[in-house]
Amino acid sequence: MLSSLPAAAIVAGGTDLVVRMRNGERHSYLIDVAGLSEIAGITPEEGGRLRIGAAATHGQIAADGTVRKACAGLALACSQVGSPQIRNMGTLGGNLVNASPAADSLAPLLVHNAMLALEATGGARTESLERFITGPYRTTIGKTELLCSVSVDRLEGYEEGYRRVAKRAAWAISRLSCAWALREEGGLIEDVRIAVGSCTPVPFRPSRAEDFLRGRRREGPVIAKAVEMVADEIREKSGLRPSFAYKLPVVRDLLAEELGGRSCS
Amino acid sequence: MFIGEDLDRVDVLEKVLGKARFAHDLKMEGMLFGCVVRSEKPHARIVAIDLSAAMAVPGAARILSHKDIPGQNAYGVIRKDQPLLAADRVRYVGEPVLIVLGEGEEAAREVASRVKIEYEEIAPVLDIEEARRGVRVVHDSGNLFSYKKVRKGDVEKGFAESDVIVSHTFRTAWVDHAFLETEAGIGFMDEGGRIVIKSSTQNIHYKRAEIARLLSIPEEKIRVVQATTGGGFGGKLDVTVEGFLALAVYHARRPVFMRYTREESMLSNTKRHPLHVEYRTGAKKDGALTAVKVSIVGDTGPYASYGDSVCLRAAVHATGPYEVPNVWVDSRLFYTNGPVSGAMRGFGVPQLALAHESQIDEVASLLGMDPMDVRIKNGLKRGSVTATGQHLSASAGFVETLKRIEPYWRERKRSKKASGFGLGSMYYGIGNTGVANPSRALLEVVEEGRIVLHTGACEIGQGSDTVLLQILLETLKMARAEVVLDRGDTDTSKDAGSSSASRQTYISGGAVRDGALKLKEVLEEAGYYRGRSLSDIYRSLAGQGNLFFEGFFDPPAAGLDGETGQGVPYATYAFATHMTEVEIEEPTGTCRVKKVKAAHDVGRGINPRGIKGQIYGGIAMGIGLALMEEFIPGRTTSFDTYYIPTSMDMPEVDVMVVEDEEPTGPFGAKGLGEPALIPQAASIVNAIRDATGLAVYDLPCNMERLKGLLEDKKKR
Numbered sequence: 001m002l003s004s005l006p007a008a009a010i011v012a013g014g015t016d017l018v019v020r021m022r023n024g025e026r027h028s029y030l031i032d033v034a035g036l037s038e039i040a041g042i043t044p045e046e047g048g049r050l051r052i053g054a055a056a057t058h059g060q061i062a063a064d065g066t067v068r069k070a071c072a073g074l075a076l077a078c079s080q081v082g083s084p085q086i087r088n089m090g091t092l093g094g095n096l097v098n099a100s101p102a103a104d105s106l107a108p109l110l111v112h113n114a115m116l117a118l119e120a121t122g123g124a125r126t127e128s129l130e131r132f133i134t135g136p137y138r139t140t141i142g143k144t145e146l147l148c149s150v151s152v153d154r155l156e157g158y159e160e161g162y163r164r165v166a167k168r169a170a171w172a173i174s175r176l177s178c179a180w181a182l183r184e185e186g187g188l189i190e191d192v193r194i195a196v197g198s199c200t201p202v203p204f205r206p207s208r209a210e211d212f213l214r215g216r217r218r219e220g221p222v223i224a225k226a227v228e229m230v231a232d233e234i235r236e237k238s239g240l241r242p243s244f245a246y247k248l249p250v251v252r253d254l255l256a257e258e259l260g261g262r263s264c265s
Numbered sequence: 001m002f003i004g005e006d007l008d009r010v011d012v013l014e015k016v017l018g019k020a021r022f023a024h025d026l027k028m029e030g031m032l033f034g035c036v037v038r039s040e041k042p043h044a045r046i047v048a049i050d051l052s053a054a055m056a057v058p059g060a061a062r063i064l065s066h067k068d069i070p071g072q073n074a075y076g077v078i079r080k081d082q083p084l085l086a087a088d089r090v091r092y093v094g095e096p097v098l099i100v101l102g103e104g105e106e107a108a109r110e111v112a113s114r115v116k117i118e119y120e121e122i123a124p125v126l127d128i129e130e131a132r133r134g135v136r137v138v139h140d141s142g143n144l145f146s147y148k149k150v151r152k153g154d155v156e157k158g159f160a161e162s163d164v165i166v167s168h169t170f171r172t173a174w175v176d177h178a179f180l181e182t183e184a185g186i187g188f189m190d191e192g193g194r195i196v197i198k199s200s201t202q203n204i205h206y207k208r209a210e211i212a213r214l215l216s217i218p219e220e221k222i223r224v225v226q227a228t229t230g231g232g233f234g235g236k237l238d239v240t241v242e243g244f245l246a247l248a249v250y251h252a253r254r255p256v257f258m259r260y261t262r263e264e265s266m267l268s269n270t271k272r273h274p275l276h277v278e279y280r281t282g283a284k285k286d287g288a289l290t291a292v293k294v295s296i297v298g299d300t301g302p303y304a305s306y307g308d309s310v311c312l313r314a315a316v317h318a319t320g321p322y323e324v325p326n327v328w329v330d331s332r333l334f335y336t337n338g339p340v341s342g343a344m345r346g347f348g349v350p351q352l353a354l355a356h357e358s359q360i361d362e363v364a365s366l367l368g369m370d371p372m373d374v375r376i377k378n379g380l381k382r383g384s385v386t387a388t389g390q391h392l393s394a395s396a397g398f399v400e401t402l403k404r405i406e407p408y409w410r411e412r413k414r415s416k417k418a419s420g421f422g423l424g425s426m427y428y429g430i431g432n433t434g435v436a437n438p439s440r441a442l443l444e445v446v447e448e449g450r451i452v453l454h455t456g457a458c459e460i461g462q463g464s465d466t467v468l469l470q471i472l473l474e475t476l477k478m479a480r481a482e483v484v485l486d487r488g489d490t491d492t493s494k495d496a497g498s499s500s501a502s503r504q505t506y507i508s509g510g511a512v513r514d515g516a517l518k519l520k521e522v523l524e525e526a527g528y529y530r531g532r533s534l535s536d537i538y539r540s541l542a543g544q545g546n547l548f549f550e551g552f553f554d555p556p557a558a559g560l561d562g563e564t565g566q567g568v569p570y571a572t573y574a575f576a577t578h579m580t581e582v583e584i585e586e587p588t589g590t591c592r593v594k595k596v597k598a599a600h601d602v603g604r605g606i607n608p609r610g611i612k613g614q615i616y617g618g619i620a621m622g623i624g625l626a627l628m629e630e631f632i633p634g635r636t637t638s639f640d641t642y643y644i645p646t647s648m649d650m651p652e653v654d655v656m657v658v659e660d661e662e663p664t665g666p667f668g669a670k671g672l673g674e675p676a677l678i679p680q681a682a683s684i685v686n687a688i689r690d691a692t693g694l695a696v697y698d699l700p701c702n703m704e705r706l707k708g709l710l711e712d713k714k715k716r
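Heads up: the sequence lines are chains U and X, in that order.
Its first residue numbered 1, the first sequence is counted upward by one per residue in the numbering used here.
Its first residue numbered 1, the second sequence is counted upward by one per residue in the numbering used here.
Quick caveat, the hints were computed from the structure, so don't treat them as lab data.
All C-beta atoms in this analysis are idealised placements derived from N, C-alpha and C, irrespective of residue type, glycine included.
Be careful, since some hints might not be right.
The list that follows gives simulated cross-link-like pairs (lysine to aspartate or glutamate, EDC-like), each with its CA atoms no further than 16 Å apart [unchecked claim]:
1. X:K714 to U:D253
2. X:K417 to U:E257
3. U:K225 to U:E210
4. U:K167 to X:D640
5. X:K713 to U:D253
6. X:K715 to U:D253
7. U:K167 to X:E103
8. U:K167 to X:E704
9. U:K167 to X:E583
10. U:K167 to X:E585
Computed from the model, here is a short list of chain U residues facing chain X with C-beta under 10 Å [what the hints assert, rightly or not]:
11. G14
12. L17
13. V19
14. G220
15. S243
16. Y246
17. P249
18. R252
19. L255
20. E257
21. E258
Turn these sequences into a full structure, and let the hints steer you where they fit.
Next up, the structure:
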């Protein structure tokens, strides 16, 4: 249907699309996919991963027992999106295809190495989230493609978190967000994953800071050095922006507090 | 029987059931939709207007300009200086230039978007400093708009006698009312050829008078009715849609409906005045205040609106609720090409409360005293003399509000390392400043054996309908079923003045009580209180032609001396103290308000549940003022760029009512509408100081500002 209709748009919740249409965006056809059972649900996959249907709502993801155990940062992020109404309508797939740099799901999905499954009449493909989003509100999705599901690493046994900064307690876009997951083994950081959202044009993983932390002790000076590296990586990605006077100190302090855990606070 | 009781709100059922018809819901057969074409320039001459593309749009009905105004193209509550439609010059972005009428909203907006206006730009005056320099002018008369003074004692002598002096400058931003229902209304011509306007408004008789001048027709030819109104906060005191609707109906002779989009409302409505307040306080070692010197400078935008009231009220209230022997206040507002600043809950006093309350806390800190003790020591009480030389002879329960908070203050304990507590106090004159502002009420005995209260006092959500009925019921000692409310219609009511200045309970309540006492006398004589039925009484009163009873009240205040500001600006004052607990998240600069204790001297509480509602709302608005709300011209467009608090931002609130009865008030009542807001932002700022050691002088103290202050502190 998508390939046969000219100027068609997919509705997957509509919490972004309807707002744009109220501001004048026009489409000849709207195809509502939110009710398709094939792209709904949350199911375990082969190889220790978890498949989240693109039509799963933020509300469903936030409440799902498996997600809360295996992908806790994502559950937390989805629970803080907008308002209850938006969480009950808006879907993960819609959030990804809209690709706002402030989307709450992006940072935790990066931490979980999300892979996206897309289908079109001509065939199917998978792509990593990092490659899928090419810029603010820009992705590689084709006009006739449908995002069907997202596959994520299960990180049971990790300590995990998500923090967002917003102008008020609810119904506010993230000014800044950080997702992280960490596992210690014998007093050393065995694995750590960090993602920063709402800061650079595309949310990203500061890989140099992650590499630095792996194998080190989780203690004050180490964390302090790592968060400085995160700030450097942000500056390299986007140059200096006026908003960084606020955002860089916040990224440092938030990550230091989160990654430092009990031992450093 | 009825006073001090939680009588159900008159409007509660129809509102919760969704049956109330707000101005946005009004419809009529064959109505046109009206919208406004507005200036896109802050300051410009209009060179040419091209309507050809606009009138070619299907559904275009008519386009009206200033040339179509038969009467005076100038309105304003205090000065008649604002054009309904700009003639040849525009002075702010959003200034109305044309009215477009179309067959339906979509057509009308399409027509409006096709209008082409050619401007010749004039260098605009965009901030207060620019306005003060006066090189560029908004009006040929110069940029100084209003200048008010208060002089008491000898302020230099006061400073010379002081042991500590605290000086700071405070700054606030433009704030939008953000009422839930944007400006809206409907207009039509009735069978008698009269123009009828139903709108979302805070005053009906004022609007009728403005329409009469605009159309140059007698007031009898106009009827203004208040539709159920979704909030006002001062933003629906000025003429909004009413003038446009009346002009449209006058020409089109068809019903016309208008409603603003949120973007249009944000752009065009008046704003809270941004004020810069230079404040100097002197005190003795024991905490006694010796002198206060305040210089207030504000941006009023290009037209008067309520600027004069704000300028004067800010000056009169500059010391806060404290007795200060030596006072010097200069209050000056300047014209700019920014948004029109006007009335907003508190008329400048919330901005001044930020200043005087911060100063008090800093005096306390310098002297090593508890801020509570400094407030108690200097607080206004019976027998005190205010900054304008007014002797407070009754109802002055300020210290009592402090005493009610005191036990909680003394026992306060931080819930977290980064939590803090702050006090904020205020006083507020009820009613308009130093001028007559009477209210009238009309009571009618009707055939069905009921009493009808006809009132022009607009219910804007604050609860005036219910309060006025309670005053009536208590005075007449009647059952609820025996009285009927008829509110907000210029055809049936007398002028009650605007729902502003926290005046309706005190002043319109006084008028209702006056009328009810006159009626009661007649009812007593007619045997009502001995069991005779009202319908029976109606028949004998109808025979005598004695069915209407008019009540009147005008508070006993007097004008102020122009040079010294001395006099009696208000008959009575409300007093309040809030104690606020905040939690600061230092990594992000986020401040959350956790708990508020709010003690208010209301004179007499007519409806306790209504009092709580007002205070909850005032606290919410105070949180917005303190932490998030700021209108930035050119950047703020709607609620996605203008954040107001949500229910999730609300703290736990504990309301304490102090009742120091006002002898001139109905059953001792004063007012509460604005006092509920005024001390809140100040108490938050003082709590932030307690939590972090940081002084906040500029509002809003949003995340960026607070984080910046925290970073600066780290570097020191």
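The hints, checked one at a time:
no.	hint	in the structure
1	X:K714 to U:D253	holds (12 Å)
2	X:K417 to U:E257	holds (15 Å)
3	U:K225 to U:E210	holds (11 Å)
4	U:K167 to X:D640	holds (11 Å)
5	X:K713 to U:D253	holds (15 Å)
6	X:K715 to U:D253	holds (15 Å)
7	U:K167 to X:E103	violated (41 Å)
8	U:K167 to X:E704	holds (10 Å)
9	U:K167 to X:E583	holds (15 Å)
10	U:K167 to X:E585	holds (13 Å)
11	G14	violated (16 Å)
12	L17	violated (15 Å)
13	V19	holds (9 Å)
14	G220	violated (15 Å)
15	S243	holds (8 Å)
16	Y246	holds (5 Å)
17	P249	holds (5 Å)
18	R252	holds (8 Å)
19	L255	holds (9 Å)
20	E257	holds (5 Å)
21	E258	holds (9 Å)
Hints 7, 11, 12 and 14 from the list above are not met by this structure, while the remaining hints are.
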